[in-house]
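Top line first, the protein sequences correspond to chains G and E. Per this note's numbering, the very first residue in the first sequence carries number 1; after that it's consecutive. Per this note's numbering, the very first residue in the second sequence carries number 1; after that it's consecutive.
Don't take every hint at face value.
Claimed, not checked - Simulated coverage check for chain E against chain G, where a stretch passes if three residues somewhere in it have a Cβ under 8 Å from a Cβ of chain G:
1. 39-50
2. 104-112
As the list claims (entries may be wrong) - Simulated pairs of lysine-lysine, DSSO-like, Cα-Cα distance not exceeding 30 Å:
3. E/Lys42 <-> G/Lys11
4. E/Lys71 <-> E/Lys58
5. E/Lys42 <-> G/Lys15
6. G/Lys57 <-> E/Lys42
7. E/Lys71 <-> G/Lys57
8. G/Lys17 <-> E/Lys42
9. E/Lys71 <-> G/Lys11
Just so you know, these hints were derived from the structure itself, not from any lab. Being a predicted model, the structure only gives us computed values, none of them experimental. Positions of the beta carbon are idealized from the N, C-alpha and C atoms, including for glycine.
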Amino acid sequence: GAGVSQSPSNKVTEKGKDVELRCDPISGHTALYWYRQSLGQGLEFLIYFQGNSAPDKSGLPSDRFSAERTGGSVSTLTIQRTQQEDSAVYLCASSRVRTGELFFGEGSRLTVL
Amino acid sequence: QQQVKQSPQSLIVQKGGISIINCAYENTAFDYFPWYQQFPGKGPALLIAIRPDVSEKKEGRFTISFNKSAKQFSLHIMDSQPGDSATYFCAVGSSGGYNKLIFGAGTRLAVHP
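Isolated chain G (complex conformation) (with noise of 0.2 Å):
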């Protein structure tokens, strides 16, 4: 497909347990963005990804959360010792650099236990 993919589409996890989201960006696209929707809530922004610039990291709530791009193209959303509050759709975007267009994933929905 030639959308942005994320998997899984769904993660039902114990509270207390690690979890790992990916996307698989666009091709071509430089930038990666992961925002968090709660349930009826905005988008609330997390982390962005440019090309081999250091990540602007402002949006994570905690340090339970980190994220890493590898290669330039896949990147994996960790969520360490998961609390009910993270209990969230994750959106992952791509974009090209200026184009201002993001496009979206179908996002990952966590459920804490």
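Knowing the structure of chain G, use the given hints to seat chain E on it.
For chain E alone, kept in the frame of chain G given last:
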């Protein structure tokens, strides 16, 4: 601090009517104002966007009106259709550097036949 305030939270419109959603922002450094449309289970997708050098932009039934002095912009959907039923997000961004977008809380629109 909420950088972009969106209203209303939800909106019900009859088929053929006009849907109006408003957003207000604080930081005058923002110079990119997009609207995204999200259907259930899908990621948001760019609907229409405006930059502050114009006061209005129209694409089909969708129009953005921009008031720079009031720091407000709005989305108008003319001849609203049931297929327009979705959640709409306004966003603000700055072209200086990269495309980090800050989103509003969203408006859930229902168009009744």
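Each hint tested on the structure:
1. 39-50: holds (count 7)
2. 104-112: holds (count 3)
3. E/Lys42 <-> G/Lys11: Holds, at roughly 16 Å.
4. E/Lys71 <-> E/Lys58: With a Cα-Cα distance of about 19 Å, the restraint between E/Lys71 and E/Lys58 holds, given a limit of 30 Å.
5. E/Lys42 <-> G/Lys15: holds, 26 Å
6. G/Lys57 <-> E/Lys42: holds, 25 Å
7. E/Lys71 <-> G/Lys57: holds, 28 Å
8. G/Lys17 <-> E/Lys42: holds, 27 Å
9. E/Lys71 <-> G/Lys11: violated, 40 Å
In terms of the numbered hints stated before, the structure departs from hint 9 and from no other.
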